[in-house]
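Going down the list, the sequences are from chains A and B. Each residue of the first sequence is one higher than the last, beginning at 7 in our numbering. Each residue of the second sequence is one higher than the last, beginning at 68 in our numbering.
Don't read these hints as lab results, they were simulated from the structure. Check the hints yourself; a few may be wrong.
[Stated by the list, open to error] Derived DEER-like restraints, expressed as beta-carbon distance ranges: (1) T38(A) to A96(B): 39 to 47 Å; (2) V97(B) to V64(A): 39 to 47 Å; (3) T38(A) to L388(B): 35 to 43 Å; (4) W340(B) to K74(A): 31 to 39 Å; (5) H111(B) to G82(A): 51 to 59 Å; (6) G15(A) to P400(B): 19 to 27 Å; (7) G82(A) to W238(B): 23 to 31 Å; (8) S43(A) to G208(B): 22 to 30 Å; (9) G15(A) to G127(B): 29 to 37 Å.
[Claimed, not checked] Taking lysine-lysine and the DSS-like style, the derived pairs with C-alpha atoms no more than 30 Å apart in a straight line are: (10) K399(B) to K50(A); (11) K18(A) to K263(B); (12) K70(A) to K169(B); (13) K50(A) to K396(B); (14) K143(B) to K263(B); (15) K263(B) to K70(A); (16) K66(A) to K169(B); (17) K66(A) to K174(B).
Glycine included, C-beta positions come from ideal geometry on N, C-alpha and C.
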Amino acid sequence: MEIKILGPGCAKCGEAEKIMQAAVAESGVAATIEKISDFQQIAKLGVFSTPAVVIDGVVKCVGKVPSKAEALAWLGR
Amino acid sequence: MQPDTLDNMPNPVATPQSAPSLAAYLLAAVAGLGLWFALYRQLHSIAEYLAFSLLTLEPGSRLGEAVLFFLYDTPKVMMLLTLIVYGVGVLRSFFTPERTRKILAGKRESVGNVLAAGLGIVTPFCSCSAVPLFIGFVTAGVPLGVTFSFLISAPMVNEIALVLLYGLLGWKVAALYLGTGLLIAMVAGWTIGRLKMERHIEDWVREMHINASDIPEQRLTWPERFAQGRTAVRDIVGRVWIFVVLGIAVGAGIHGYVPEGFMASIMGKGAWWSVPVAVLVGIPMYSNAAGIVPVVEALLGKGAALGTVLAFMMSVIALSLPEMVILRKVLKPALIAVFIGVVGSGIMLVGYLFNFII
Chain A
7 MEIKILGPGC AKCGEAEKIM QAAVAESGVA ATIEKISDFQ QIAKLGVFST
57 PAVVIDGVVK CVGKVPSKAE ALAWLGR
Chain B
68 MQPDTLDNMP NPVATPQSAP SLAAYLLAAV AGLGLWFALY RQLHSIAEYL
118 AFSLLTLEPG SRLGEAVLFF LYDTPKVMML LTLIVYGVGV LRSFFTPERT
168 RKILAGKRES VGNVLAAGLG IVTPFCSCSA VPLFIGFVTA GVPLGVTFSF
218 LISAPMVNEI ALVLLYGLLG WKVAALYLGT GLLIAMVAGW TIGRLKMERH
268 IEDWVREMHI NASDIPEQRL TWPERFAQGR TAVRDIVGRV WIFVVLGIAV
318 GAGIHGYVPE GFMASIMGKG AWWSVPVAVL VGIPMYSNAA GIVPVVEALL
368 GKGAALGTVL AFMMSVIALS LPEMVILRKV LKPALIAVFI GVVGSGIMLV
418 GYLFNFII
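Given only the sequences and the hints, what does the whole structure look like? Please build it.
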């Protein structure tokens with residue numbers, strides 16, 4: 007699984023990253039987490055409110071920090 | 068309130084099945100409001116008791132007045148802040164940047180400017196989202212001037228500033244701030260649109276063709292909206308309380324120790340140059356509304372003119388150097404200069420207007 011956290015790097019983006027890391031650790035799913043802060047790349051993914059989470063090319067949430075329950079659901083647990 | 072516990076609280080997991088009904092929520096809200104008002108009305112007596120009876124300070128003395136100011140204004144402002152942030156949090160659950168973009172795309176300029184300024188207040192977005200949002204709006208066909216109306220109004224008309232002005236200076240000043248803030252956002256955005264500066268957007272943004280990701284729109288239930296209100300309180304109040312306390316402490320110092328009328332000479336009506344200086348000084352200053360308003364109150368109390376002080380406050384929160392640095396990634400310098408120039412002039416006009424009519 008390929009997880010991308012989109013955000014220029016403010017506190018909320020960091021929070022989203024932490025939640026995803028915790029969710030991955032908890033679910034035991036093999037996944038890579040990548041942080042994307044380049045505006046051009048973020049725009050290319052069709053996202054314009056951050057933080058956003060993209061899993062395997064699918065945008066899962068925009069403009070908010072996901073809850074851990076949501077994150078676990080996306081990982082299939 | 069401990070900041071640590073606020074920051075580390077786990078996200079509330081919304082479970083609609085077990086959530087209480089809307090009626091139960093409304094009952095709790097009414098009861099909560101009643102309790103809130105009862106406590107709010109007692110704050111001054113409590114502060115007087117603490118300052119003069121418990122700490123045995125002399126009423127009317129410098130230290131006594133400064134301590135009373137601090138002990139009264141801190142809980143008052145925190146209570147107002149909590150109430151309004153909660154309300155606005157619930158209100159904002161009805162709006163998303165995606166929905167706002169849909170509303171604004173293809174709107175004619177003048178109507179678009181008015182709508183954008185209004186939506187700027189209620190659309191929730193993280194301040195560091197300004198650039199992605201700009202790209203999203205412009206590529207979706209929202210006119211440049213309309214996009215600017217949104218981006219100007221969002222930080223300028225700030226619910227925290229509004230509530231603090233209301234609590235500390237009364238509804239008239241709060242209404243003036245709301246009205247003129249919206250007006251500046253509309254007129255400045257419209258002006259930027261008239262100047263036809265589309266070619267001063269960075270090339271890569273203009274050449275970009277993006278398909279908005281189709282994220283299914285969530286229909287929220289009422290308990291979820293109330294949960295968003297609570298999250299907003301935890302987020303915002305947890306983040307700004309320290310600025311409020313520091314701001315009030317500075318305000319208390321000015322209140323107790325700066326002589327009456329001292330500000331009249333440098334920030335009073337007579338000093339015509341004070342308005343532009345206030346705007347210029349405000350640009351590099353980066354503070355949020357929560358910290359600046361208590362200082363504003365204290366300055367006004369010492370004879371500073373309302374227009375000058377409002378101009379200073381608007382400049383501090385609407386024009387900030389870090390924001391310009393980020394915007395530079397999508398805007399060429401000429402457009403940034405025009406943005407600062409147009410918004411700065413608008414703020415100055417507001418400053419002069421209030422100094423003139425009040």
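Do the hints match the structure? See the list:
no. : hint                          : in the structure
1   : T38(A) to A96(B): 39 to 47 Å  : 45 Å, holds
2   : V97(B) to V64(A): 39 to 47 Å  : 43 Å, holds
3   : T38(A) to L388(B): 35 to 43 Å : 36 Å, holds
4   : W340(B) to K74(A): 31 to 39 Å : 55 Å, violated
5   : H111(B) to G82(A): 51 to 59 Å : 57 Å, holds
6   : G15(A) to P400(B): 19 to 27 Å : 24 Å, holds
7   : G82(A) to W238(B): 23 to 31 Å : 53 Å, violated
8   : S43(A) to G208(B): 22 to 30 Å : 26 Å, holds
9   : G15(A) to G127(B): 29 to 37 Å : 51 Å, violated
10  : K399(B) to K50(A)             : 20 Å, holds
11  : K18(A) to K263(B)             : 35 Å, violated
12  : K70(A) to K169(B)             : 19 Å, holds
13  : K50(A) to K396(B)             : 15 Å, holds
14  : K143(B) to K263(B)            : 47 Å, violated
15  : K263(B) to K70(A)             : 34 Å, violated
16  : K66(A) to K169(B)             : 20 Å, holds
17  : K66(A) to K174(B)             : 29 Å, holds
In terms of the numbered hints stated before, the structure departs from hints 4, 7, 9, 11, 14 and 15, listed from lowest to highest.
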